[in-house]
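Colleague: What follows is each chain in one-letter form.
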Amino acid sequence: MRCEDATDRLFDLASDDFLSKDPQVLAHLEACSECRRTVAHATRAWSLLGAAQEPVADSTAMRERFDALLENQVRKSLAPWNGRRALAAAAALIVTLAAGVLIGRQFPAVGKQDASYMTAMRQGMSEMRELLTQALIQQDVASERIKGVSAAGRIDDPRAELLTAVLDTLMHDADVNVRLASLRALERFRERPAVRQGIVRALGREESPLVTIALIDFVVDAKDDLAIETLRQLAGDTARDAAVRETAAAAAAQLLQGGV
Amino acid sequence: MTDETLMLAVKAGNLDQLSGLFERYHRPLFGFFYRLLRDRAAAEDLVQDVFVRVLKYRHTFQERTSFKAWVFHIARNSRLDFARKHPGTDGIPDDEAMPAVEPGPDIGFGNRQEVALLHQALQRLPADKRELIILARYRDMNYQQLAAVMEIDEGAIRVRLHRAIRQLADIFHELRGTTRHAL
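Quick mapping for you: the protein sequence lines, in order, are chains A and B. The opening position of the first sequence corresponds to residue 1 in my numbering, with each subsequent residue numbered one higher. The opening position of the second sequence corresponds to residue 1 in my numbering, with each subsequent residue numbered one higher.
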């Protein structure tokens with residue numbers, strides 16, 4: 001066997017020590033010092049690769065995002081609870097609950113039990129409102145999704161799942177207007193760490209100059225130091241729109257100075 | 001329950017079963033992306049993107065397919081799309097001293113230095129070769145699975161992997177020589 005015949009047969013993934021057990025290859029190695037050197041270097045490299053630790057994933061944060069994705073998909077797929085029928089059903093339920101609350105106000109009760117009943121009723125309405133909002137975010141029509149994310153922005157203290165759904169819309173929606181509406185909806189919640197982190201991520205991956213500049217304005221308004229590195233990268237990325245690079249550079253400088 | 005059984009259940013409409021696959025695969029996928037890109041946020045985004053695609057393309061999963069090969073094929077496409085959108089992320093990083101991964105705790109100082117050098121060498125390989133080595137070494141893929149991920153035949157995979165390893169070894173020894181000389 002010649003070196004050029006052996007060269008692509010020296011190693012074997014199925015072998016414990018990564019070395020080929022092919023008798024022809026072994027015979028060649030006996031005779032060829034050059035191939036023996038190649039094998040020694042490569043097996044050393046292979047062995048050292050195995051000495052590295054596995055990178056540690058932030059499983060909690062990843063799980064949270066995944067759960068929001070799955071929840072939305074499951075809800076979407078649950079026929080007949082999908083599409084407009086789900087919206088209509090949720091809306092009808094809200095109207096019913098609202099009527100219940102109004103009737104309760106007409107006939108005020110003084111008992112503790114009635115007060116807790118009203119609290120539970122209001123909580124039920126709030127949860128239903130969030131469900132309705134999430135159902136809207138999942139609609140196929142962009143204008144419906146805009147309604148969904150805008151509604152999310154009006155909820156006073158939304159659950160983390162709802163904000164995650166809005167952040168995912170900001171990052172993945174194909175429609176620029178939906179992404180912009182998502183960003184506007186998140187403005188009220190910019191003090192939440194998950195929102196700030198999500199915005200910085202979106203800033204790094206956004207391609208539309210319009211949305212990117214809106215994201216830059218967001219991080220400047222939020223005085224978010226975490227965004228400085230991403231802003232610098234944007235400013236130095238020659239593939240980006242000139243206005244984006246300029247705005248990013250100015251924003252990075254502004255955040256570095258610590259003022260707005 | 002096997003990965004394939006879970007995925008077939010997902011394909012049949014039982015989307016909750018994807019949760020089990022996420023549990024099994026989010027770390028290996030994260031490790032794959034992180035070793036390639038050395039960017040934690042991008043790696044996390046890409047893992048999410050893979051599961052979005054798994055849901056979107058679930059109807060294409062075939063009964064006799066290895067789920068592992070299928071999901072890493074999706075991961076590869078996801079990474080290629082990312083590279084197209086973010087040119088420059090596949091090249092040699094600016095800070096070559098920054099290790100892609102930490103050496104394990106049970107190895108000596110000399111080996112730690114060598115592991116760090118080797119990961120510098122890994123980052124200098126073209127992305128497709130780096131990807132192949134990462135899948136073979138860290139995701140324990142055999143030739144058949146690698147062939148499925150890359151969509152080429154097993155013979156071609158053997159040749160490519162051999163060449164990638166030899167190139168890695170050459171760069172590593174070059175770097176080692178430079179470092180010794182510098183010391």
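Just so you know, the hints here were simulated from the structure itself, not pulled from any lab data. Keep in mind that this is a model prediction, so the values were computed, not measured. Using N, Cα and C, we set each Cβ at its ideal position, and we do this for glycine too. The reader is advised that the hints may include incorrect statements.
[To be verified] Derived lysine-lysine pairs resembling DSS-like cross-links, with alpha carbons at most 27 Å apart: (1) B:68 - B:11; (2) B:129 - B:68; (3) B:56 - B:68; (4) B:56 - B:11; (5) B:68 - A:147; (6) A:21 - B:56.
[What the hints assert, rightly or not] What the simulated footprint calls covered on chain A by chain B, stretch by stretch (three residues with Cβ under 8 Å from a Cβ of chain B suffice, anywhere in the stretch; the number is not a length): (7) 5-13; (8) 39-53; (9) 60-69; (10) 202-210.
[To be verified] So, partial list: chain B residues that the calculated Cβ filter (under 7 Å) puts toward chain A: (11) 21; (12) 48; (13) 87; (14) 125; (15) 137; (16) 142.
Colleague: Between residue 68 of chain B and residue 11 of chain B, is the straight-line Cα distance small enough, at 27 Å or below?
Modeller: Roughly 15 Å separates the two Cα atoms, so the pair holds.
Colleague: Under the criterion that the straight-line Cα-Cα distance not exceed 27 Å, is the pair residue 56 of chain B, residue 68 of chain B satisfied?
Modeller: holds, 17 Å
Colleague: Compare the distance between the alpha carbons of residue 129 of chain B and residue 68 of chain B with 27 Å, and conclude whether the hinted pair is satisfied.
Modeller: holds, 19 Å
Colleague: Take the stretch 60-69 of chain A, compare each residue's beta carbon with every beta carbon of chain B, and decide whether three or more fall closer than 8 Å.
Modeller: With 7 residues in contact (Cβ-Cβ under 8 Å with chain B), the coverage given for the stretch 60-69 of chain A holds.
Colleague: Would the pair residue 68 of chain B and residue 147 of chain A pass a check requiring their Cα atoms to be no farther apart than 27 Å?
Modeller: violated, 39 Å
Colleague: Would the stated hint for residue 87 of chain B survive a check requiring a Cβ distance to chain A of less than 7 Å?
Modeller: Status holds, d = 6 Å.
Colleague: Would you settle whether the hint for residue 125 of chain B is holds or violated, based on the nearest Cβ-Cβ distance to chain A being less than 7 Å?
Modeller: Violated, because the Cβ-Cβ distance from residue 125 of chain B to chain A comes to roughly 11 Å (cut-off 7 Å).
Colleague: Tell me if chain B covers the stretch 202-210 of chain A under the three-residue, 8 Å CB rule, please?
Modeller: holds (count 3)
Colleague: At a Cβ distance under 8 Å, does chain B reach at least three residues of the stretch 39-53 of chain A?
Modeller: holds (count 11)
Colleague: Closer than 7 Å between Cβ atoms is the bar; does residue 142 of chain B clear it against chain A? Give me holds or violated.
Modeller: OK, holds: residue 142 of chain B within 7 Å of chain A, min 6 Å.
Colleague: Under the criterion of a CB-CB separation shorter than 7 Å, is residue 137 of chain B in contact with chain A as hinted?
Modeller: With Cβ-Cβ at 5 Å, under 7 Å, it holds.
Colleague: Three or more residues of the stretch 5-13 of chain A near chain B by CB distance under 8 Å?
Modeller: Coverage by chain B holds here, the residue count being 6 at a Cβ distance below 8 Å.
Of the numbered hints stated above, those contradicted by the structure are hints 5, 6, 11, 14, listed in ascending order.
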